[in-house]
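Undergrad: Single-letter residue listing:
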Amino acid sequence: MDNESQYSGYSYKSSHSRSSRKHRERRDRHRSKSRDGSSRGDKSVTIHTPGEPLLDAESTRGDDRDDNWGETTTVVTGTSEHSISNEDLTRLTKDLEESTPLECKRFVGPILGGCLSFFALVTPLAFLILPQVLWRDVLEPCGTPCEGLYVSLAFKLLVLLISSWALFLRPPSATLPRFFVFRCLLMVLVFLFVASYWLFYGVRVLEPREKDYRGIVEYAASLVDALLFIQYLALVLLEVRHLQPAFCLKVVRSTDGTSKFYNVGHLSIQRAAVWVLDRYYSDFPVYNPALLNLPKSILSKKMTGFKVYSLDENPTNNSTGQSRAMIAAAARRRDNSHNEFYYEEAEMERRVRKRKARLVVAVEEAFTHIKRLHEEEVASSPKHPREVMDPREAAQAIFAPMARAMQKYLRTTRQQAFHSMESILTHLQFCITHNMTPKAFLERYLSPGPTMQYQQQNGRGRQWTLVSEEPVTSSLRQGLVFSLRRMDFSLVVTVTPLPFLRLQEEFIDPKSHKFVMRLQSETSV
Amino acid sequence: MSQNFVPGQPVSVVTQRIEIQKLQHGDHLILGFSIGGGIDQDPSQNPFSEDKADKGIYVTRISAGGPADVAGLRMGDKIMQVNGWDMTMMTHDQARKRLTKKKENVVRLLVTRKSLEDAVKHSMCSYPKQIQAKPGFKD
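Just so you know, the sequences run in chain order A and B.
Under UniProt numbering, the letters of the first sequence match residues 1 to 525, in that order.
Under UniProt numbering, the letters of the second sequence match residues 1 to 139, in that order.
Just chain B, same shape as in the assembly (with noise of 0.2 angstroms):
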């Protein structure tokens, strides 16, 4: 993320939408990725981030063949919507829970990453596709 992070202020970042299928995995449904970070943990440790001060919540491992991966989900995505929720104020449990509701089938998912913003750069469009995602709002 381009901008330097500061809790509560708007971001504005390039994003992708990416829809998910749970699977059935035995007893519960499962989506194939990993996440890290969150507000109530370390975010220097955070191998993905590009501002040592981002808490959001960053997808840290991604199991091959999974729907995740099979959706377009690439590890160090920063996720910043969860099927209109805000991800970017979330303790690491309560993204956790949002991801993983038993009554939802599809997940769809607002993610970026740094690649993302520097293809707009380099494709000289003048209109960059931008979101603006408040904290705490359902969309």
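Okay, chain A solo, but in the shape it has when bound (with noise of 0.2 angstroms):
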């Protein structure tokens, strides 16, 4: 096992020992925070230098140094005589993750794409230009029919041309586990389709070398037509199928329960996960893994119930009755723990409060400290030299008072993985030159964002998992249950049909509206 002290700057942390650092945080509450500020991760290694990000931002540990994580911790142990520790192997897996070479399976099927719609865009003009090339002399002069024809197939083309890069050139935003059907079923029409009209020109004109010259512009015209509806094909199936709402997407992380419904038309359980995880990007809050579970010492409580063991070799019915009665006063034993968990929440929740409120007293102050001069005051200057700084000066400057309230409150939030220093200085000076106010400023921080604002770009891609019992080329129904899964937490995604809805009218005449009082009358008799 390694022994972190060993590896300055270099954390490992077990998921196991988790439970056992959350009932030390719980006891070593006031603890001062005096820590280097290195965070724990167990999928990703942190060479912590200031001013960078500390982690990538989904995988996350929690905050509070825990000395003696060994003691809790399990050793995955091969047969063989390398034995690698639970975290040795997220951190190769982290580590390739990291470090994979841009994948060139990611553009075989655009490539390829290109390719055929290429040879197809040139096909119909091999076809008019061939004639002409070898065998000129024998052609008939075809006149006014034929120059419609190369006007028509010049637009045509066009328009093939156009609509083909607007629609199909796109880069893709992910690699699919399984064949994309329409994609593939299309490309194959396609390739048959110009393989046939190859075939048979060949046949037709080359070989007899056919002088008939306005036919063979027909044919190529009727090459283009079919091409484009081809095309229109491929945007049905492509684009325009899975636009109508079919399904209801329950979309649940597995961590925290964080859940949202998305409609989607008819998809396959593959382009579903993609629209899904589109989506997580920006509408689910950002993954804190130091967010989760109860302290230990509060479910502690209940697993101290005593066990009734039987050492009789044969259990009379009266000693089973005897031992289900004990149980049964244990069980009505009065149970605390969520009165514990009640007032820790709410004490909790109070600190929280307490925090923000002194952070955005010191940002707001801060603020004040600073103002955008405008042209028209540099004139004034010379009598009272102020300093003319940039924004990044500027934010420099204020940033001093905040950063302690600042950083008290991101730990208390458990926020602070995701923010370093250097981080939050860029906003600061992002917010100084677009103008923007204290609260503005603190929005980033007051409430957990969505999981892209946290994210560094890069080409690399995230890597998920597709979870599914059925073919995942298999169209999306009823009951369909999916997981997409990362390291450390999964998406569950369950699909209900959206309901037949019958509609039914009913008009109402504007002139039926009438009211009458509510009779109470009291006659004496």
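In short, the hints are calculated from the structure, not lab data.
We put the beta carbon where it would ideally sit given N, CA and C, even for glycine.
The reader is advised that the hints may include incorrect statements.
SDA-like mimics (lysine to any residue), calculated; alpha carbons at most 25 angstroms apart, straight line [stated by the list, open to error]:
#1 K514(A) to D93(B)
#2 K211(A) to V188(A)
#3 K102(B) to E522(A)
#4 K97(B) to M75(B)
#5 K114(B) to N435(A)
Computed spacing ranges between beta-carbons, pair by pair [said to hold, decoys possible]:
#6 M452(A) to D42(B): 56 to 64 angstroms
#7 K121(B) to F515(A): 41 to 49 angstroms
#8 K121(B) to E344(A): 48 to 56 angstroms
#9 P499(A) to K52(B): 18 to 26 angstroms
#10 D42(B) to E443(A): 49 to 57 angstroms
#11 K121(B) to C248(A): 51 to 59 angstroms
#12 D118(B) to H513(A): 40 to 48 angstroms
#13 D42(B) to K439(A): 47 to 55 angstroms
#14 K97(B) to F515(A): 43 to 51 angstroms
#15 P499(A) to Q94(B): 31 to 39 angstroms
#16 H513(A) to G84(B): 37 to 45 angstroms
#17 D42(B) to H513(A): 13 to 21 angstroms
Bring the two chains, given one by one in their own frames, into a single complex with the hints.
TA: Next up, the structure:
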């Protein structure tokens, strides 16, 4: 087992010791927070240099230093003599993910499609040009009808070109585990089509050296028409069919229960998975593993109930009844863990509010120290020479008074892994440049934003695993459940069809709105 | 009325017979009380009914010393029958007409009130006096 003191700056943490860490956290609530700020992660290698984001935002672990983590760690021991621990495994996987070269597999599909469409577009031109080149003198001259066909051919090719560029030549946003059925179908269709046209062309035109040029031009024009129709088919299958909503997907994150509902159309499971992930990055609040689970101290009380062991050889009814009664008595014993949980939550909430109040006041005050210098004020500056700063310097100038309050607040809400000092400064600079109020500056920190906010842009992409009991190219239907797994959490997606709506009409005559007073008369007799 | 009032269904209540002699007051005969309620009125505003869906005829005011007061009618009584005519499914105006017939000098009312029910319950009597009143039938 690695001893953490050997690697300065490298922090390992096994997920199993998380509960003991929480236990210690509760016990050492008031321990001074004089840590070096390095956070722990069991799936990332972090080299702590100031000014860099400390961790990949999706794989953070908690904040407290846990000196005795080794005592509750379990180790995966293989049968070989090279045994590596759990942390090593996850570290290796993370390394692989981070350092994967730009996958070529990502571009195979688009490149293939591009070649095929280029081939298809060039074919009509080839049909026209080849006879001219090869046996020009034998060809019958073709007058006005041909010219009309030339023009229409040119325009249709232009339309094909532009729409292909607009629709299909987009960088793909995801690689799917299996073939994308419709796309493959269409590519095969186009290929067969063009191939058969070439076949006929070769047999009927090239071989006998066909003289009727007009026929050849019409042949090329029919090919272009057919390509246009195939493109229409592609448009409908790939883009339009799934626009009308037909299913409601419920997406639940397994670690903290955040859930959202989305309406999608008829998609295959893998396409639906990509769709969900697109929305996951902007809708779901970022995954913060520090915010999970009840403290062990609250749960541990439940676990210390006493067990009843019967050591008789022939357990009679009497003894089982007796033991059952004892167990029932143990269960009825007063269990106050919910009380503790309630008070601890109330305490935590109070503390967060207090820190938040301090932070808001500090930031507001800090923002009053600077103001924007307008052009006309420059003239008055010779009288009172003020130091003119650019946004970066201004941000650094006002950061100092609010730094402490900010740090305390982030620690309390367990967000400090997501924001480094450098990132806060950059954000402050950004806000100052765009004339934002302190409240606008703080919105980033007061509530956990979507995962997109914390992403660093690297072209490597995110690795997700689609776990499904059905083949992933099958279409969505009712009752389907699949999940999208990342290393430490997963999204469970349930599919329900949208209800069929029977809309009826009811006509109300505007003159039919009439009212009377409610009667309550009293008559004396 | 302890049961929920369902219009059209027979009701079982404890009733009291009250006989009121009409008094000549100037030009016409008066009974000395006021009625409220009726099937054309708003039952939710009736302060005397237990079930706010009850659209029966209620006694809303009794003039002190008048014939009704003397006969034992109390405020808040629900009138079930007048001279044999059912009052549970009557409009307000019809009820007024039934009570103020010029040819009749005496009106015999069947009224019910909550205290009657309670009294019967508390008395531990095994055969409470009950009258079945079917709507719309002359007794």
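Undergrad: Work down the list of hints and note, for each, if the structure agrees.
TA: Now for the hints, and whether the structure bears them out:
no.: 1; hint: K514(A) to D93(B); in the structure: 24 angstroms, holds
no.: 2; hint: K211(A) to V188(A); in the structure: 32 angstroms, violated
no.: 3; hint: K102(B) to E522(A); in the structure: 20 angstroms, holds
no.: 4; hint: K97(B) to M75(B); in the structure: 20 angstroms, holds
no.: 5; hint: K114(B) to N435(A); in the structure: 74 angstroms, violated
no.: 6; hint: M452(A) to D42(B): 56 to 64 angstroms; in the structure: 60 angstroms, holds
no.: 7; hint: K121(B) to F515(A): 41 to 49 angstroms; in the structure: 43 angstroms, holds
no.: 8; hint: K121(B) to E344(A): 48 to 56 angstroms; in the structure: 54 angstroms, holds
no.: 9; hint: P499(A) to K52(B): 18 to 26 angstroms; in the structure: 38 angstroms, violated
no.: 10; hint: D42(B) to E443(A): 49 to 57 angstroms; in the structure: 54 angstroms, holds
no.: 11; hint: K121(B) to C248(A): 51 to 59 angstroms; in the structure: 56 angstroms, holds
no.: 12; hint: D118(B) to H513(A): 40 to 48 angstroms; in the structure: 46 angstroms, holds
no.: 13; hint: D42(B) to K439(A): 47 to 55 angstroms; in the structure: 53 angstroms, holds
no.: 14; hint: K97(B) to F515(A): 43 to 51 angstroms; in the structure: 28 angstroms, violated
no.: 15; hint: P499(A) to Q94(B): 31 to 39 angstroms; in the structure: 51 angstroms, violated
no.: 16; hint: H513(A) to G84(B): 37 to 45 angstroms; in the structure: 44 angstroms, holds
no.: 17; hint: D42(B) to H513(A): 13 to 21 angstroms; in the structure: 20 angstroms, holds
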